[in-house]
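Protein chains in written order, with my numbering: chain F, 1370 to 1700; chain H, 302 to 455; chain V, 9 to 287; chain W, 115 to 457.
In short, the hints are calculated from the structure, not lab data.
Don't take every hint at face value.
With a cut-off of at most 35 Å between alpha-carbon atoms, the simulated DSBU-like pairs for lysine-lysine come out as follows [what the hints assert, rightly or not]:
#1 V/K33 x V/K169
#2 F/K1567 x H/K396
#3 V/K86 x V/K227
#4 V/K169 x F/K1438
#5 V/K227 x V/K169
#6 V/K227 x V/K33
#7 V/K169 x V/K86
#8 V/K227 x F/K1438
#9 F/K1505 x W/K368
#10 W/K368 x V/K33
#11 V/K169 x V/K121
#12 W/K368 x V/K86
#13 F/K1469 x F/K1505
#14 V/K33 x V/K121
#15 H/K396 x F/K1469
#16 V/K121 x V/K227
#17 F/K1469 x F/K1567
#18 V/K86 x V/K33
#19 H/K396 x W/K122
#20 F/K1505 x H/K396
Okay, the calculated bits of chain W under chain V, using three or more residues with CB under 8 Å as the criterion [as the list claims (entries may be wrong)]:
#21 173-181
#22 405-411
For every residue, glycine included, the Cβ atom is placed at its ideal position computed from N, Cα and C.
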Amino acid sequence: MSEVQDRLRQRVAELLDGGTIDLFIGYASADAPLKTAVHVVRSSADAEALVWDARCTSNLAALLPDLFKRPQDQRDEWAAPRVGILAKGCVSRSIVGLIKAHQVPREALHIVGVGCSGVVDRHRAARLVAPAQLSKVEFLGDGRVRLHATDGSEQDVDLAELLLEGCLECRHPNAVLSDESIGEPTTAADGSRFANVKSFASRTIDERWEAFRQEISRCIRCYACREACPNCYCTECFAEETSPRWIGVTTEPSDLMLFHLGRAFHQAGRCVDCGACVSACPQGIDLRLLTQKVNEDVESLFGGEVGVSVDRLEPLLQFEMADDEGFMTEP
Amino acid sequence: MTETTDRPDNERIDWEPRIAAFLCNWCSYAGADLAGVSRIQYPPNVRVIRVPCSGRINPLFIVKALQSGMDGVLVSGCHPGDCHYISGNLYARRKFALMKSLLEYVGIEPDRVHFSWVSAAEGIRFAELLHAVVEAVRAIGPATKMVKRIEAVP
Amino acid sequence: MSNPYVPYPARIDRITIENDARDLKTFEVVFLDPEHARLFRHVPGQFAELSILGTGECPIGIASSPTEEGSLLFTVKKTGRVTDDLHRSREGRVIGVRGPLGNGFPMERMRGKNLVIVGGGFAFTTLRALIQYVLDEGRRADYGDVTVLYGARSPGELLYKAELDRWRTRDDLTAHITVDVGDDDWSGHEGFVPAILGDVAPSPANAVAVLCGPPVMIKFTLPVVERLGFTAADTILSLEMRMKCGVGKCGRCNIGSKYVCLDGPVFTREELSRLPAEY
Amino acid sequence: MNVRMLDKLDLPSLLERLAETRRLIAPVVDRTGARFAPIEDVASVRWDYRNTSLSAKGIVFPQTEPLLAFRNGEAEERIPETPSTVLFGVRPCDARSLTLLDAVFRGNGIDDPYYAARRGAITVVALACNEPGPTCFCTSVGGSPGDESGADVLATDLGGGVLLRAVTDRGDALLCDLDVGRPAEDGEIEAARENAAQAAARMAPVQVPTDSSRLLNAFGLNLWSDVAAGCIGCGACTYSCPTCHCFDITDEQKRGTGRRVRSWDTCAFPLFTLHGSGHNPRPAADARLRQRVLHKFSYCPENFGQAFCVGCGRCVDHCPTGIDIRRILARLDEVLATDSEVG
């Protein structure tokens, strides 16, 4: 891993010094267990702080749309920056979506692809040591991780036990769109997908409702899920529209559910299952329960995978005359 | 959208389902109109909301209607190929397929939410559809799951 | 007020459409309970939270002077949920009024001074309260010369047109009314407020300048006021900031260590210079 | 003031008695670690937790609460009816945060009746920290693992037993009422002090700039866009923060019946300061993050004499992009110390 990291630092410094890019978006270490910080590099000296490992959970593409919005107070003199970005598979797929949605100009990007072996889910780790907290995490090599907790206990676990569930089902660990790559490509897992959706769907309708209601009742409406998501670039989210007002601002359960149903629905054909929302949620809500349902339906009903080609139209922007009508009511 | 629909007591014996029907202006609304002028009886449980095209219907309208206390929702537009705007209904079909599946997945009864095509010439079909929808909703009883209750606002 | 969040019920007695665009209306409201009217003691420059149960609250400057007893005036621009609803009101509707809130103009400190009152657009509302206050028969002698400069985009956008006409004929007040662009019937000044202020050039001697207007007007008028020789302590501004609770708790209108709803909305330029430049 | 020593084995019966006679709120295990919950079954109370994922502020300042209820144009106030409550096992940082919230909601000469009702009903039994967490920095912002401020009783886990020290008259009354354990010996009191001191010594210090007026000059520094480069504008930091207290007031109604409700709001959201005119005095993430930092470390000290941060580290734990207030403070301190043009 550190070889890739060294190479990354060196390459980013070159790209900045050579004038290929104005800034580079990557990760830096953070002073908290299992966390990294989003790091925007503007000078080659700052490139030394870049890291790349299993703690790099943020979907960096979420930062892109704002970079290409002309500031209000600047008119003619403003030029769009040339942006370098470190892209694991899911990040690159989000970038594809942003390019297709005209949120980000392809020519302004320099995408540095990197193979990813999955990133950690801090909530899974937290559950292993609750109600204590992680105090330190050591990556032992060979896929083993040592967790130190604040109660003084320690335990060794497989890295796979800590990964985001989505990473275990990831079919695109390498960048699908890039200008250059660092390190060796990673081999994709070929396990089954949508395990969580299948398991949830097998419960009775009232069990599902109760589980959904309880899960969503944890929400504190901080909107970290939305803000961490590259797809949520709307200037005004339906959650905050006041005319009409879709949802009140309280924690009344139906309002919380309406928000999460709306958010999941708006992900249709655009969610790459990067897990950024899951990592971001301070309440550890299982947001994949909804997004993966929509993903499964999009794939099974309309075919194709999200974010693998800049040329393919989003599934909700097209139709087939023969689209399924099995859901419709015949009198 | 204001929450002006206050649902009657769910426990009432004389409960009648209330259905929000989003009908496209060019086909389904005209079909409903035809049913009316042809004096074809259909249940009075429906509150019709006329929209320019089924493609205009934000799938969140459906969730919002349930939240506002409607017992069922019907969305209807032109048959494939007949859309006044050529393909609005075909885009809509994809959205509705996903939303219906999502709602069922989280535990909303599948019979709460209905989609169907009705042309301007299908007054009888509209009436039959309404019968079918009202009876389906009647069978599952009053909606409770998504309903927003002001007294539940913390 | 034991509970600062409870509004007093008040009835809208009269609604006046102020401008051509019909998005500015003045509401004359009367408290239902005379006891509330007695408790509501304001000074010019203060504001109140107007509320419609079920729609919400919005902070609105009080346009009437406390000397105009019996009712309160609020001039409201139609901009959002609550103001839309207010604009849909008919006379007789009961709304809520919570206040008075904020500090208001320093009437005591301005005593004996000449007043230069500069306003733009619909921010003129609380300046109307100030002008009516000093023009009051019993108080006029407490203040020196009063110069009013008021600008709007067009003649049709001027507030309180009948009163402006009356002020122009008074000899104890000098009124300069200007519009950005006049029309065929317009005979007053034409031009922006800062330029006209430079032309009128009121003397800073024993005078206080009071400014209230949109950010762009304030931005270009302040240098003129400074050039004319008004000190920072004698330049008074009324700020606008998004507010909610009105009692310095909710944090929304926080600028530096001040809460606009509590410590303001009226500040001197001297006070503002010690705050972060967030306006 | 009472100082009592309680055998650990007697703890469940103490909790039972509290739960029978009062509303008991205490930490329970949660998928995020721990959270505060009203206790039905005292076996669910956890003593071995590090800290809760969300702070205790929601107990005195709920995320949403009705201010008024109205029907057909008639409004009435909704002051909460709060039973006598014991907040048990709250960490010293959270206990101290209550004193800061007091300054806001009960200060300025305007007493917030909703907060006052909730706060007045609570007796705080704080639990001293024997082991700091990786993001704790209370000692750098005026607190400590054994800090008593905000607590009515301070409890210390001494292994086999629990030392309960009454801090206020209210806490003393609680201990008298419960009449548990035996009077503590000097050695035990000393051991509790030692525990806290050792925990404090294990915490990494953070350089916090303390001169609020000098900090005000940090407003114009150009470091904000740099420290906020990763800020995505969510409310994870402020909603998990024990001292962030901004709120919104909105109406909820259905056919003329409804409520006026206040809900948490945050300066991190762009809409927070968006004017009706479209003007936004804080148009970008850097201005918004600056507001959060300076409000805590400059404006509040000026108004209330104390920084509005208790060093619990929750904002560090929860920031989706790894923004670390400790690093921001250290950087500010460094810049303010070296840059002669500032201040």
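Comparing the hints with the structure gives:
1. V/K33 x V/K169: Holds: V/K33 and V/K169 sit about 13 Å apart, inside 35 Å.
2. F/K1567 x H/K396: holds (21 Å)
3. V/K86 x V/K227: holds (24 Å)
4. V/K169 x F/K1438: violated (43 Å)
5. V/K227 x V/K169: The given pair, whose Cα atoms are some 26 Å apart, holds under the 35 Å limit.
6. V/K227 x V/K33: Judged against 35 Å, a Cα distance of about 27 Å means the pair holds.
7. V/K169 x V/K86: Holds. V/K169 to V/K86 sits at ~19 Å (cutoff 35 Å).
8. V/K227 x F/K1438: Within the cut-off at roughly 26 Å; holds.
9. F/K1505 x W/K368: violated (51 Å)
10. W/K368 x V/K33: holds (28 Å)
11. V/K169 x V/K121: Holds, at roughly 27 Å.
12. W/K368 x V/K86: holds (24 Å)
13. F/K1469 x F/K1505: violated (41 Å)
14. V/K33 x V/K121: Within the cut-off at roughly 32 Å; holds.
15. H/K396 x F/K1469: holds (19 Å)
16. V/K121 x V/K227: holds (25 Å)
17. F/K1469 x F/K1567: Roughly 30 Å between the alpha carbons, so the hint for F/K1469 and F/K1567 holds.
18. V/K86 x V/K33: Status holds; Cα separation ~8 Å.
19. H/K396 x W/K122: Given pair H/K396, W/K122 is violated - Cα atoms ~59 Å apart, limit 35 Å.
20. F/K1505 x H/K396: violated (46 Å)
21. 173-181: violated (count 1)
22. 405-411: Holds: 3 residues of the segment 405-411 of chain W have a Cβ under 8 Å from chain V.
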